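Number of protein chains: 2
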Amino acid sequence: MQEQGDISQAQLAEKVGASAASCWRRITKLEDAGVLTKTVRLVNADAIDKGLNVFCQVRMKSHDPAARHDFETFIHSYAEVLECYSMSGEWDYLIRAVVGDVREYEALLMEGILTHDAVLTSSSHFALKAVKYTTALPV
Amino acid sequence: MQEQGDISQAQLAEKVGASAASCWRRITKLEDAGVLTKTVRLVNADAIDKGLNVFCQVRMKSHDPAARHDFETFIHSYAEVLECYSMSGEWDYLIRAVVGDVREYEALLMEGILTHDAVLTSSSHFALKAVKYTTALPV
DNA sequence: TAAAAATTGAAACATATCTTTCATCCATCC
DNA sequence: GGATGGATGAAAGATATGTTTCAATTTTTA
Numbered sequence: 075m076q077e078q079g080d081i082s083q084a085q086l087a088e089k090v091g092a093s094a095a096s097c098w099r100r101i102t103k104l105e106d107a108g109v110l111t112k113t114v115r116l117v118n119a120d121a122i123d124k125g126l127n128v129f130c131q132v133r134m135k136s137h138d139p140a141a142r143h144d145f146e147t148f149i150h151s152y153a154e155v156l157e158c159y160s161m162s163g164e165w166d167y168l169i170r171a172v173v174g175d176v177r178e179y180e181a182l183l184m185e186g187i188l189t190h191d192a193v194l195t196s197s198s199h200f201a202l203k204a205v206k207y208t209t210a211l212p213v
Numbered sequence: 075m076q077e078q079g080d081i082s083q084a085q086l087a088e089k090v091g092a093s094a095a096s097c098w099r100r101i102t103k104l105e106d107a108g109v110l111t112k113t114v115r116l117v118n119a120d121a122i123d124k125g126l127n128v129f130c131q132v133r134m135k136s137h138d139p140a141a142r143h144d145f146e147t148f149i150h151s152y153a154e155v156l157e158c159y160s161m162s163g164e165w166d167y168l169i170r171a172v173v174g175d176v177r178e179y180e181a182l183l184m185e186g187i188l189t190h191d192a193v194l195t196s197s198s199h200f201a202l203k204a205v206k207y208t209t210a211l212p213v
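Protein chains in written order, with this note's numbering: chain A, 75 to 213; chain B, 75 to 213.
Since copy identity is lost for identical chains, a pair holds within one copy or between any two.
Heads up, simulated DSS-like pairs for lysine-lysine below, C-alpha to C-alpha not over 27 Å straight-line: (1) Lys-206 x Lys-135; (2) Lys-206 x Lys-112; (3) Lys-135 x Lys-203.
Please keep in mind that the hints were generated in silico from the structure rather than gathered at the bench.
These figures come from a predicted structure and were not determined experimentally.
Working from the sequences, and respecting the hints, build out all of it.
Following this line, the structure appears as structure tokens:
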């Protein structure tokens, strides 16, 4: 289901060698346990001109909880930011953003991310190619 | 659909203020055009003990196409590696891997990634928290 | 402005879908 | 070893689903 989210329980049952009813019970249990979460439809980034992946490392001026929380809420408001992680080490945050071109990224960085009060420095790195991208966790 | 991949066309129609038939036609067109790709089910990483995100930067010994291609195929074989990008700048690749704990990552790195002939160096960075994670591209 | 082309919505259609029920099977525990 | 609890599969049931058709409307083209 991680690879084919729209598979029917009947097909799934055949694939795993169980009954449809058994699949239904297991899926329901996993949903209730919060293991299986939402179903999403993936979009081809190149097809909608968002094929450029940029990674942005951010260092904060202050590490106090309020500033961090404010920055995290702030970063959530940017649709171009698909991923953001609070990091150990020299950089406080690592962001993955998708844009159509470098100009678009410049705008996101200069008029967006860097305008936040708590941000001290940033360092951007551009992906030349997405070698692998999957949402499926191991087993 | 990027946020709710299992929405029915009837619900979608109501949401966007169009008919179900119209939705069906548009979806079919986007699928045929390769814009809408597969539907996937997301899994709660913490629930299956894969809640630790690690970023690994890799530098290659050689930059020749054969070595790169071989490494990229190699990296595809690791289920823990969810994302891998060929990068500009000082590092050749950036990898995001999910593991249960640091021990598990040590094994992936030492017995996996670093065993590849073309790899020169690597640098790993651990995420303390996933602040934002979405698969939905902007608009 | 008039003709042509494309898009739309409503309804009908056929089908696939999830969900429940029930009897059976298996494993476990006292 | 018998009884209890849990899991299983097959079938039935009700419903929601995708897909097509057709007439009407809108947009484009000449």
